[in-house]
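**Student:** Generate the whole structure from the sequences, applying the supplied hints.
Chains as they are written, first to last, in our numbering: chain A, 35 to 239; chain B, 10 to 229.
By construction, these hints were calculated from the structure, which means they are not laboratory data.
No false leads were slipped in.
In silico DSBU-like cross-links for lysine-lysine, where the CA-CA straight-line distance does not exceed 35 Å:
1) LYS108(A) / LYS115(B)
2) LYS108(A) / LYS202(A)
3) LYS188(A) / LYS149(A)
4) LYS44(A) / LYS202(A)
5) LYS25(B) / LYS128(A)
6) LYS25(B) / LYS101(A)
7) LYS25(B) / LYS44(A)
8) LYS44(A) / LYS115(B)
9) LYS115(B) / LYS188(A)
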Amino acid sequence: MDNLYEAIFKGNAPAAKVSVQEALNASRTPQEIIDSSMIPAMEAIGAEFEAGRVFVPNLLLSARAMKVSLDILKPLMVAEQSASLGTVVIGTVKGDLHDIGKNLVASMLEGRGFKVINLGNDVSKERFVEEAAANDADLVCLSALLTTTMGYMKDVVDAVHGAGLRAKVMIGGAPVTAEFAEQIGADGYSSNANDAVALAKQLLS
Amino acid sequence: MKERAFSISPDIIPEKDVWFAMGYRDSVPEPRIRDMVNEVKDLLVPKAVLKYMYGEFEAEKISPREMLVAGKRFRPEGIICSYLQGMTHALVFVATAGREYDAAVKEMNAQGDIVQDFIADAIGTVLAEYAVSAIEEDYEGKYGISLPYSPGYCDWDIREQQILFSLFPVNPCGIVLSDSSLMSPEKSVSGFYALGETLVKQPYHCEICRNPGCYKRRTA
Numbered sequence: 035m036d037n038l039y040e041a042i043f044k045g046n047a048p049a050a051k052v053s054v055q056e057a058l059n060a061s062r063t064p065q066e067i068i069d070s071s072m073i074p075a076m077e078a079i080g081a082e083f084e085a086g087r088v089f090v091p092n093l094l095l096s097a098r099a100m101k102v103s104l105d106i107l108k109p110l111m112v113a114e115q116s117a118s119l120g121t122v123v124i125g126t127v128k129g130d131l132h133d134i135g136k137n138l139v140a141s142m143l144e145g146r147g148f149k150v151i152n153l154g155n156d157v158s159k160e161r162f163v164e165e166a167a168a169n170d171a172d173l174v175c176l177s178a179l180l181t182t183t184m185g186y187m188k189d190v191v192d193a194v195h196g197a198g199l200r201a202k203v204m205i206g207g208a209p210v211t212a213e214f215a216e217q218i219g220a221d222g223y224s225s226n227a228n229d230a231v232a233l234a235k236q237l238l239s
Numbered sequence: 010m011k012e013r014a015f016s017i018s019p020d021i022i023p024e025k026d027v028w029f030a031m032g033y034r035d036s037v038p039e040p041r042i043r044d045m046v047n048e049v050k051d052l053l054v055p056k057a058v059l060k061y062m063y064g065e066f067e068a069e070k071i072s073p074r075e076m077l078v079a080g081k082r083f084r085p086e087g088i089i090c091s092y093l094q095g096m097t098h099a100l101v102f103v104a105t106a107g108r109e110y111d112a113a114v115k116e117m118n119a120q121g122d123i124v125q126d127f128i129a130d131a132i133g134t135v136l137a138e139y140a141v142s143a144i145e146e147d148y149e150g151k152y153g154i155s156l157p158y159s160p161g162y163c164d165w166d167i168r169e170q171q172i173l174f175s176l177f178p179v180n181p182c183g184i185v186l187s188d189s190s191l192m193s194p195e196k197s198v199s200g201f202y203a204l205g206e207t208l209v210k211q212p213y214h215c216e217i218c219r220n221p222g223c224y225k226r227r228t229a
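**Tutor:** Okay, here's the thing in C-alpha cells:
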C-alpha cells in the first residue's frame with residue numbers, strides 16, 4: 035500500500051497532497067497515479083461503507099482528499115490522457131432546494147474519476163437538457179428530497195430522452211425508489227452515494 | 010399565537026444528536042470527526058436565532074386516518090392517527106433554525122468543504138428539532154401532550170403543509186412555504202402536538218412505518 039493510497043483511504047487531504055507530489059517526483063505519470071493509487075483507494079473506502087464499517091463522513095473525507103490530489107494532477111494531463119470515466123450532469127430538480135445528498139453524490143463521482151457538472155438545485159428540465167447537450171454528457175443524475183418534487187423527475191427523463199441525447203438518466207433521493215425509477219423510465223436508481231458510483235459505472239459499461 | 014426567537018449555547022446541543030443526524034445512529038464517530046463536529050457546532054450555533062410560533066386549536070380524530078383541527082380536515086394517515094386517542098385540542102406549530110443559521114453556513118462554506126457542509130446540515134436539523142422541543146417545554150396547558158408529528162413523515166402527505174400553514178399569519182417566523190411544500194429556511198419544521206386530558210404520550214412506532222430510509226427512524 036503506498037502513501038497516497040493510504041492518505042486517500044483515510045481521508046487525509048494534507049497527506050494526499052504531499053504524496054501526490056512525491057509520486058510525481060518519482061516520475062510516475064498522472065494517469066498511473068490515478069489508476070494505481072487514487073481510484074483503488076476510493077473503491078476500498080466505498081467497499082468499507084457498503085460493509086457498514088465506515089460512515090458517510092469517511093466517504094466525504096476520502097472524496098475531499100481525492101479532489102485535492104486531482105486538482106494537482108489535472109493541469110498536468112493532456113486531453114487525450116484524461117482520466118475521466120465519463121461526463122455527468124447532476125442537479126436537484128425544480129421546486130426542490132435540497133443540496134446535500136446531491137453534492138455528496140457529485141463528490142463521490144468526481145472522486146472516482148468522472149467529470150461532474152453540478153447544476154445546483156431547483157433545476158428545470160430545459161436546463162438539464164441544455165447542459166447535457168452542451169457537455170455531451172454520458173449521464174444525467176437527478177435528485178429530489180420531496181414527494182412533491184420527485185414527480186418532476188419524469189418531466190426531466192422525458193425531456194432528456196425526447197431530445198435524442200445519448201445520456202442515460204439515473205435518479206435518487208429520500209422518497210425515490212427503484213419502482214418509481216422504473217415507472218418514470220429512468221435508466222437507474224441508487225439509494226446512496228456509494229451505490230450511485232457503482233450504478234454510474236454500470237450504466238456506462 | 011405565541012411566538013419566540015432565542016439563541017442557545019453550543020453546549021446545549023448534544024453531540025450524540027448531531028451524530029445521529031449524520032447517520033451514526035448508535036455508533037460513535039472516530040475522534041477526528043467528533044472534533045470536526047464540535048468545531049462546526051462552536052462556530053455556527055452561536056450565530057443561530059431559533060424561532061417558533063404555535064397556536065392551540067380544537068381538534069378531534071374523525072376516522073382512523075383523518076382529523077379535524079380548527080375545523081380544517083387533515084389526513085395524517087393511520088400511523089399518526091393511532092396515537093391520537095383522546096385528542097381534544099392540538100398545538101399547531103412552525104419552528105426553524107432560522108435564516109441567520111443559513112447565512113452562517115453559507116459563509117463557512119465559501120470554500121466548498123463538503124465535510125463541513127454535511128456536518129452543518131446535521132446540526133441545522135438538530136437545531137430545528139430543538140426549537141420544536143422548546144415548544145413543548147413552553148406549553149403550560151392543562152392537557153396531556155403527545156410527541157410532535159409533521160407532514161412528510163409517518164406516511165403523512167407533505168402537501169398538507171399547505172393547510173397547516175393556512176392556520177398561521179403569512180410567512181410565520183420568516184418561513185416561506187413553496188408550491189412544492191418546501192420550507193425556506195430549509196431547516197424548518199411544521200406540525201402539531203396532540204393535546205387531551207386523557208391523551209397518553211406514546212413512542213414512535215417506527216417498526217410499522219414503510220419508509221426504512223427515514224433519518225428519524227429509531228429501529229433497524
